[in-house]
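A.B. asks: I would like the entire structure built from these sequences, with the hints used as guidance.
2 protein chains.
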Amino acid sequence: MPARDLENGTSSRPLGVALVGFGTVGQAVARILCNGSHGRLLLTHVCNRRVERKRAGWVPAGVTWTDDIEAVLDSPADVVVELIGGHDPAASWIRRALEAGKSVVTANKQVIAEQGAELEALARRRGRRLRFEAAVAGGIPIIHGLQEGLAGDRLFRVLGILNGTCNYILTRMEADGVSFDAALREAQELGYAEADPAADVDGFDAQAKLAILSAVGLRRPIGASSIPLRTITTIDAVDFAYAKQLACTIRQVSRAEHDGDGRVLAAVQPMLVPRTSALAQVSGSRNVVVVEGAAGGETAFFGHGAGGDPTAVAVVSDLESIARGSGDPAARLAAGPAASAVQDFVSPHYARFIINDRPGIVAALAGVFSRHGVNIDAVLQQPGWPKTNLPFVMTLNACSAAAVHAALAEASAFDFHVRPPLWMPVLTPRQQT
Amino acid sequence: MPARDLENGTSSRPLGVALVGFGTVGQAVARILCNGSHGRLLLTHVCNRRVERKRAGWVPAGVTWTDDIEAVLDSPADVVVELIGGHDPAASWIRRALEAGKSVVTANKQVIAEQGAELEALARRRGRRLRFEAAVAGGIPIIHGLQEGLAGDRLFRVLGILNGTCNYILTRMEADGVSFDAALREAQELGYAEADPAADVDGFDAQAKLAILSAVGLRRPIGASSIPLRTITTIDAVDFAYAKQLACTIRQVSRAEHDGDGRVLAAVQPMLVPRTSALAQVSGSRNVVVVEGAAGGETAFFGHGAGGDPTAVAVVSDLESIARGSGDPAARLAAGPAASAVQDFVSPHYARFIINDRPGIVAALAGVFSRHGVNIDAVLQQPGWPKTNLPFVMTLNACSAAAVHAALAEASAFDFHVRPPLWMPVLTPRQQT
Numbered sequence: 001m002p003a004r005d006l007e008n009g010t011s012s013r014p015l016g017v018a019l020v021g022f023g024t025v026g027q028a029v030a031r032i033l034c035n036g037s038h039g040r041l042l043l044t045h046v047c048n049r050r051v052e053r054k055r056a057g058w059v060p061a062g063v064t065w066t067d068d069i070e071a072v073l074d075s076p077a078d079v080v081v082e083l084i085g086g087h088d089p090a091a092s093w094i095r096r097a098l099e100a101g102k103s104v105v106t107a108n109k110q111v112i113a114e115q116g117a118e119l120e121a122l123a124r125r126r127g128r129r130l131r132f133e134a135a136v137a138g139g140i141p142i143i144h145g146l147q148e149g150l151a152g153d154r155l156f157r158v159l160g161i162l163n164g165t166c167n168y169i170l171t172r173m174e175a176d177g178v179s180f181d182a183a184l185r186e187a188q189e190l191g192y193a194e195a196d197p198a199a200d201v202d203g204f205d206a207q208a209k210l211a212i213l214s215a216v217g218l219r220r221p222i223g224a225s226s227i228p229l230r231t232i233t234t235i236d237a238v239d240f241a242y243a244k245q246l247a248c249t250i251r252q253v254s255r256a257e258h259d260g261d262g263r264v265l266a267a268v269q270p271m272l273v274p275r276t277s278a279l280a281q282v283s284g285s286r287n288v289v290v291v292e293g294a295a296g297g298e299t300a301f302f303g304h305g306a307g308g309d310p311t312a313v314a315v316v317s318d319l320e321s322i323a324r325g326s327g328d329p330a331a332r333l334a335a336g337p338a339a340s341a342v343q344d345f346v347s348p349h350y351a352r353f354i355i356n357d358r359p360g361i362v363a364a365l366a367g368v369f370s371r372h373g374v375n376i377d378a379v380l381q382q383p384g385w386p387k388t389n390l391p392f393v394m395t396l397n398a399c400s401a402a403a404v405h406a407a408l409a410e411a412s413a414f415d416f417h418v419r420p421p422l423w424m425p426v427l428t429p430r431q432q433t
Numbered sequence: 001m002p003a004r005d006l007e008n009g010t011s012s013r014p015l016g017v018a019l020v021g022f023g024t025v026g027q028a029v030a031r032i033l034c035n036g037s038h039g040r041l042l043l044t045h046v047c048n049r050r051v052e053r054k055r056a057g058w059v060p061a062g063v064t065w066t067d068d069i070e071a072v073l074d075s076p077a078d079v080v081v082e083l084i085g086g087h088d089p090a091a092s093w094i095r096r097a098l099e100a101g102k103s104v105v106t107a108n109k110q111v112i113a114e115q116g117a118e119l120e121a122l123a124r125r126r127g128r129r130l131r132f133e134a135a136v137a138g139g140i141p142i143i144h145g146l147q148e149g150l151a152g153d154r155l156f157r158v159l160g161i162l163n164g165t166c167n168y169i170l171t172r173m174e175a176d177g178v179s180f181d182a183a184l185r186e187a188q189e190l191g192y193a194e195a196d197p198a199a200d201v202d203g204f205d206a207q208a209k210l211a212i213l214s215a216v217g218l219r220r221p222i223g224a225s226s227i228p229l230r231t232i233t234t235i236d237a238v239d240f241a242y243a244k245q246l247a248c249t250i251r252q253v254s255r256a257e258h259d260g261d262g263r264v265l266a267a268v269q270p271m272l273v274p275r276t277s278a279l280a281q282v283s284g285s286r287n288v289v290v291v292e293g294a295a296g297g298e299t300a301f302f303g304h305g306a307g308g309d310p311t312a313v314a315v316v317s318d319l320e321s322i323a324r325g326s327g328d329p330a331a332r333l334a335a336g337p338a339a340s341a342v343q344d345f346v347s348p349h350y351a352r353f354i355i356n357d358r359p360g361i362v363a364a365l366a367g368v369f370s371r372h373g374v375n376i377d378a379v380l381q382q383p384g385w386p387k388t389n390l391p392f393v394m395t396l397n398a399c400s401a402a403a404v405h406a407a408l409a410e411a412s413a414f415d416f417h418v419r420p421p422l423w424m425p426v427l428t429p430r431q432q433t
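Residue numbers (our numbering), protein chains in the order written: chain A, 1 to 433; chain B, 1 to 433.
Since the hints were derived computationally from the structure, they do not count as laboratory data. As the structure is a computational prediction, the values presented were derived from the model and not from experiment. Think of the CB as a built atom: it goes at the ideal place given N, C-alpha and C, for glycine as much as any other residue. All clues stand as given, with none of them false.
Beyond 10 Å from chain A on every Cβ pair, some chain B residues (computed):
(1) V63
(2) E70
(3) L73
(4) F156
(5) D176
(6) F180
(7) D181
(8) D196
(9) P221
(10) A247
(11) I354
(12) D357
(13) Q382
(14) P386
(15) C399
(16) A403
Which chain B residues stay away from chain A? Per the calculated CB distances, all over 12 Å, these:
(17) I69
(18) P76
(19) I84
(20) A90
(21) D202
(22) A241
(23) G336
(24) P348
Here are the in silico distance ranges between beta carbons for each label pair:
(25) B/G39 / A/V346: 29 to 35 Å
(26) A/G223 / B/G39: 25 to 31 Å
(27) B/D261 / A/W58: 23 to 29 Å
(28) A/G223 / B/D328: 33 to 39 Å
(29) B/L190 / A/T428: 24 to 30 Å
(30) B/T231 / A/A294: 34 to 40 Å
(31) A/N397 / B/L190: 30 to 36 Å
(32) A/A100 / B/R263: 45 to 51 Å
(33) B/L190 / A/G223: 41 to 47 Å
C.D. replies: Okay, here's the thing in structure tokens:
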């Protein structure tokens, strides 16, 4: 049986769907495909390592269970849904599926961030589709939104909360004043965070997602690994107290924008965001993506960024898109050599110091900032701390992140620090939603 | 020249676009089409009454200016963009364009709410497309979101702020305590509100939009005119003071949901919404649409609900969708006999009275509520008002809107009212976002 011609989508035969990866998301996809509400989609294969332990009674008898990817690639299935994640063997399986004349739906942010444009071109040459709504922000239909719903605009900015684990940790710290470590342990106990949380808290997960949003929304390919990252692990409960004093809270913010000179500014980092901003309203493991366009202004998408069911909605929406014979999206993944992102945003900044107090510290820091052309806006010091472990905050007038970074690198050499200084940009009203 | 085959979308010839209606939105669409960023779209015609006064030097010389719809219908243009609004002659022109083998993009909420399914079926029979992203919530890509991005889910609820004029008026009252009349005048001076504001403030505009969202998102056709409306003109500055005391604000909320028994509950009315809810965050003329699905949970879309440029983005996105040969959307407008919406939501309520005070009033009102099975939660009375013109509020425990309506209809007969009582449902956490 030949894979049907997806160009016209007029076949009345249902689309045969092979699931590769039968974990939380794969099972949620299978449940939706088997609940009778998507008559154009027919589950044909479930492929997983040691698949026997995965067999589920609610899956119809006609479905083939296999642990052999070759059986899927050789099958008449029209679409391969890749849900195993990671670089290998996922990337080669996606490539081989496309070469075998199948369309591919994937939730794999790494593979799309790194090889998406090339794989999309391969799909196009074969007259097939590569779709990846589930790779960014789970159930939020942001890829469809960028590729189709906002295709009429020229977007110059994308900003969001793309990692639900970080957002869970930060909103827990915000709500109850718990420490980072306590919030992380809680997230791990609830299954939101991995035993090794680095991909989330250090920003690698959001980095790949932001690279995809830049390629689709800004039409600029940027090398994911070139996007500067700053960890949230250095955020302390005291930072939330000072943020509150500044009418802000703290979020891990991913942002990318044209700078007007053909460069893409991008970063994934903790930021102070006004409590009235859309980003501050996103609590728990939810995500938000805000885009800004030349004509349409600001548009924001909120929803569940992770979890089996929301992510499965994204996968099934992609399958429906293929089943109805949707053509190439208006906005493809930008191809061409990936530019390096630069972190050169200009904004006010927050700098927090924990010191062993003695006279002259503010003067010493002020001297360093002055040499780097950075103006101090205010010095905040909440009472009640011992002099030997004293937190205080300097807010800095709008300046480049590079200047703050350089100033604090120099200031780190002072011997009065109990902990290394921490700095964060402040999202300004121009930037907030 | 035959209209090209849109089924496969593989033509390299650009899509010829005829604009019918050259007001604010039409001009914004033309500017985007002429700015060089949409090479697949070619403006061929501008049709408007007395078109000569509309001629603009920035429109390329090859474009045909006409005031004759027949010239457009007889032309080789591939797509007619209908931007004249209203029922007639818009509906018949859309129909005739489809019958002439053209696709149609429209911003016309009335025509889509009333005849959308029928016109979509006509388009399908002709192998053409009918798209209407601009008909609901301007630049927010909610129609694409429902038809494609969330096609994998089963949505049971849609809730939103769909009228920017009402939202502007209510957020002005909220921010500065101005009266309804003053806020309305301000909106009129800014061009947000018409000289006759009834379509906005009485809910007719949002009614048509909600009917479209129900047909696309809930897959239930409801007769637009069957959706119960309640005006915002009765909202007083004092209501914002009491709302604030209840940690709420007031918004015109449009909502529709399955009730589980095959009925659609729907209404457009002012509601108390918690200040922490997504709806309360929407200020000025912006819109929001919140949908809730069985698998994906809550997803929200924020953006500019009106204005030439944002609405033009929606139109151009639809044109791009047609140009790329997108097939029928996964979620079409629900067809079949339109059901009548029922307003039978159960929620807590707010009831405000302005009275000429005398003993026994609370007892009298309590007696009426009791006879209708409605429990009073609290009585609020802010100080500083004269006894002859005294506002006070009763909050009511969760009960049906019908019970509150009936109780207040009865209570209106008392002679102590200085103004008719006002009631509003309160959006509860289960319902808020």
